[in-house]
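Each of the two chains sits in its own frame; use the hints to bring them together as a complex.
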Amino acid sequence: MANPLKAMSVLAWRNLWRNYRRTLIMLLAITLGVWAMIFMTALLRGMVDDMVKQGIKSLPGHVQIHASAYLDDPSITHSMAAPGGLLLEALNGEQVVAWSSRLKVPAMISSEYDNRGVSLLGVDPEGEQALGFNLEDITQGRFLSGVDDRGIVIGRKLMRQLGTRLGKRVVLMSQDPDNAIADGGFRVVGVFKAEMENREESIVFVGREVIQTMLGVGTDISEIAVIGQQYQSPEMLTEKIRSVLPAELEALSWLQLDPYLATMMRVMNGFVLVWMVVIFLALSFGLVNTLMMAIFERVREIGLMRALGMRPSAIVYQILVESLMLLVLGLLAGNVLAIVSIFPLKGGIDVSVVSQGMEMMGASSVLYPVLLWPDLVLANVVVIVLGIITSLLPAWRAARFRPVEALSRT
Amino acid sequence: MSAISCTDLCKYYQQGDAVIKGLDHVSLEVDQGSFICLSGPSGSGKTTLLNCIGGLDSLDSGEISIDGERVDLLGKAALADLRLYHIGFVFQAYNLIPVLSAKENVEFVMQVQGVAAPEREKRALRILQEVGLAGMEDRRPAELSGGQQQRVAVARAIVSQPKLVLADEPTANLDSQSMEKLMAHFRELNHKHKVTFLIATHDQRVMAWADRHIRMEDGRVISDKLQTSS
Chain P
1 MANPLKAMSV LAWRNLWRNY RRTLIMLLAI TLGVWAMIFM TALLRGMVDD
51 MVKQGIKSLP GHVQIHASAY LDDPSITHSM AAPGGLLLEA LNGEQVVAWS
101 SRLKVPAMIS SEYDNRGVSL LGVDPEGEQA LGFNLEDITQ GRFLSGVDDR
151 GIVIGRKLMR QLGTRLGKRV VLMSQDPDNA IADGGFRVVG VFKAEMENRE
201 ESIVFVGREV IQTMLGVGTD ISEIAVIGQQ YQSPEMLTEK IRSVLPAELE
251 ALSWLQLDPY LATMMRVMNG FVLVWMVVIF LALSFGLVNT LMMAIFERVR
301 EIGLMRALGM RPSAIVYQIL VESLMLLVLG LLAGNVLAIV SIFPLKGGID
351 VSVVSQGMEM MGASSVLYPV LLWPDLVLAN VVVIVLGIIT SLLPAWRAAR
401 FRPVEALSRT
Chain W
1 MSAISCTDLC KYYQQGDAVI KGLDHVSLEV DQGSFICLSG PSGSGKTTLL
51 NCIGGLDSLD SGEISIDGER VDLLGKAALA DLRLYHIGFV FQAYNLIPVL
101 SAKENVEFVM QVQGVAAPER EKRALRILQE VGLAGMEDRR PAELSGGQQQ
151 RVAVARAIVS QPKLVLADEP TANLDSQSME KLMAHFRELN HKHKVTFLIA
201 THDQRVMAWA DRHIRMEDGR VISDKLQTSS
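Going down the list, the protein sequences come from chains P and W.
Be aware that the first sequence starts at 1, since it is given in my numbering, and climbs by one per residue.
Be aware that the second sequence starts at 1, since it is given in my numbering, and climbs by one per residue.
The shape of chain W in the complex, shown without the other chains (with noise of 0.2 angstroms):
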């Protein structure tokens, strides 16, 4: 069985007279434990994608499946227990809850889990330091730089072991060496936890990194390729 499975989505927007395709029946089937990245220029569908698939979107026509769970028949509450037990969004805005500090930020998906203070700590600390963090979980985003934050909110993504992270353009705010780190630590989690990662991005060096491939424009897939990552 299929991590995901997506069959034949449309999402289509009514801008003035014009009708743009977000996506145009695109079909796909990932495997739990895939490594896999979405490019294309922006409008392509990338993001409306990871949305769809995260339950983030609805879609006008299709079926979307998360471990044999159709997802797009799920309710709204439904959808928010998915969301919290089973995915991790990175966003290309940092999207840091702002009168929360660094730690608190990554302890917050674990806190509306239910997860022991201490344990949740214990975690946070952890992956704070992994993505190189260390010393600064009392800041509050406005106190860090962008490449900062954006490693926070990785790191809130992936603390409590999601099955499925779906990033959007996760390094389009970080420097090189960070991109290289974030990437590594993705590849990490993917091979030991099996943690399926969904990844849109735009930068080749970040492609470089995916076993598949999928390119997207006008909202259909044009090309997916497996490929050997670096």
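So here's chain P without its partners, still in its complex pose (with noise of 0.2 angstroms):
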């Protein structure tokens, strides 16, 4: 059967350049259409992207342990003890890129003009920092040196609403586990800026030995936080710690801690296809019409291939031949222009003009188109597959001409 393919395939080459100019339009589309649906997809994904990775960064952690009351109610009096025994070893084993525990409490922090709610996060630096917190986040002074550091470390915009500035002191009142006010004088001895705002004025950093004096709970931790190896599948580190955790405690990934956000992440990957077939219908269009139009035009010689001898079977191969080298080309060059359009931008197109929207969304100012190889194949396996469905009406259409009606044809 070899020499009949070929014979078809040569016969769809030719045919596909009878008309050049039709071709090459329709070639543009195609083009035009992949490059689109591979180049959308990678900014839609470097956003999703984004935003998981911003989420776990402000929770932070693939997977965090509390006590079991705390999620309902964060306050003081659900605390935990620090880790130990099995818990310890499990946290130090080898699924867990870094940890850290830390002491997070509703406070309020008070300048000399103003006050404001915030997060009071009693931290180790140094753990903070394997969490995610990056230093060249600090804009003014220094992070915290260690747990004892008796400094506050505030956002930008928290600066500002506070009206205070660098080696000022700020007052942050919280309450212990007896419900009493506890509070405490703080400098201020760095700034920090944050990718999304609200984090800026939401949060700020105390050393934890510092606020666990302050309230009084000796060693007590809020939760532990844990950053395994890969964000998007936390699961089996999750069910590794929860297997070591006393029945006090539980452990939750970022998934069941955010459900938002992995709703995002799971919805993304339908939605990356619903958003490929959508072009692509708006392509068929073309597609099919381009193929009937080529079909029209040569009832004639199918009429003719048809006397000759070629089973309707072949012509309808010979039309899918022509569709699929149709659909390689535009495959071929919509797929060079994505690349060749993502990789200029692998360092960030900065949205800033629309930062607000973008935080409303969980975003950054700065988008980072991802390009994946499955959303790569996904969109050449969309174009064939259905481009190869779309063909078969065309084709079908073909292989139904009565020959001695066809050969009539003027």
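None of the hints are false.
Computed cross-link-like contacts, DSS-like style, restricted to lysine-lysine with a CA-CA straight-line distance of at most 27 angstroms:
no. : chain 1 : residue 1 : chain 2 : residue 2
1   : W       : Lys76     : P       : Lys6
2   : W       : Lys122    : P       : Lys6
3   : W       : Lys163    : W       : Lys192
4   : P       : Lys53     : P       : Lys157
5   : W       : Lys163    : W       : Lys122
Derived list of chain W stretches under chain P, where covered just means 3 residues or more per stretch with a C-beta under 8 angstroms from a C-beta of chain P:
no. : stretch
6   : 46 to 60
7   : 77 to 85
8   : 98 to 104
9   : 109 to 116
In short, the hints are calculated from the structure, not lab data.
Just so you know, even glycine gets a beta-carbon here, dropped at the ideal spot from N, CA and C.
Here is the structure:
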């Protein structure tokens, strides 16, 4: 069968270029369509990826360990003991890249001009950096030097709101386990920036031991944040930690801690497919039209081929090969165009003009396109598979011509 | 057993309120190796008869057998195979594939048959030389004259040595010299390989080459005579 297939492939290729203008226009449409599929998917992937990473960074961690009631009531009364025994062993295991324990309570911060409600984070500065805090985000002063650092690091926006500045003192006020007011004065030793402005106004960092002392909780903590090998699938790590947890503690992955983000990530795959199919549907009208025109221009030839002994299935094959050639050429050009246009944007696209909108979605003001091979493959598969399915109609029409009628066409 | 057996063939066309009789109770027996000429005015049913025998058109009633096989009962794929392996067609309008060269047009049927490339090329070049188109193998139909295109079409019909050649006005666009050459070639094939020829024509000179002359009118056979060919 090699020869007949080759004969039909040669015919298909030459027929494609009989009306080269029409073929080139269709190729351009397929190329742009494929480019749009891949390029827009890379942008969407980049945005969702950024949203997820930002979300994980602000949680922080791929997995968090709390007292069971802490998430419902994140007060100091639902704190837990510092990790030890099997839990500590698991946290120092191979699956864990970094971990840190934090004391996190709601608090009021006051300057001489204003006051604000914030999340007071008592942290180990080294552990916090391992969880993702970037020292380059410190715009003024320094980050905390240790768990016993008596300074406070606040966000840029909060500094503006409080009308304070580096070196000035602020007062932190919260509740101790007995519901009594616990407060303390802290000097602003550092100011940080964040991709999302709401972090700058809602979080303050203080040395963990200093806060533990202020609240009178000994070495108790509120949460342990854990970074695993990869954020996309934290389930195994979560299970491993759960297996060594005492009953009063719970371990939750970021997928459970932030269901919105988890849903975004899951929905993204479906959305990419829908997006590609929608673009292809627009393309398919042009493809069907092109093939139909090409077929009706050579009804007589198709009749001749039938008369010479070509089976209807061979006619279908020839039209499909013609369509496949068109699709493959368009795909090649579209893939190259997409890769060439995404590559220079790897450093990020500045979308700061819409930063507020991006922030509302949880994304930062720089968009990094993410080109995933599976997305590239999916775009190609969608175009080939749907293209062939779409081409079946014109091919079927061509195969149905009765030779004697087709030959009589002028 | 007859090479072709037609029994009571009827084929009608509706044209407005009128019914046109394409074939009106035509019966015909054709022996293997016959060289038959069909003549008659336009609309007499010559082309319809050839089309029905070749399985290009369907019958309203009647039976057609080629080498004992009922053509009128075959499905589309079986008919395609019958045409591919057993019948060579020559059409009045040359009907070449415009994107293929003369050689490729001649090779086309063999290629679909699955004949190996070297054998295909050898046969195509030889037949093109025989029909006087040596040196024009790589020309596309648009670069050939009407007569040359017809010779390519003839070469394509006979290159795979079918048992039956159905030719519809094969010499309509040929000059006298080309016509004589073509008919001589048909005759040679007929004598050498016992290929059966059924040729529809208006041309008296072509009729003179035939052993048997069938005249048709209004879809009916009005005379069927043996004759001595020139």
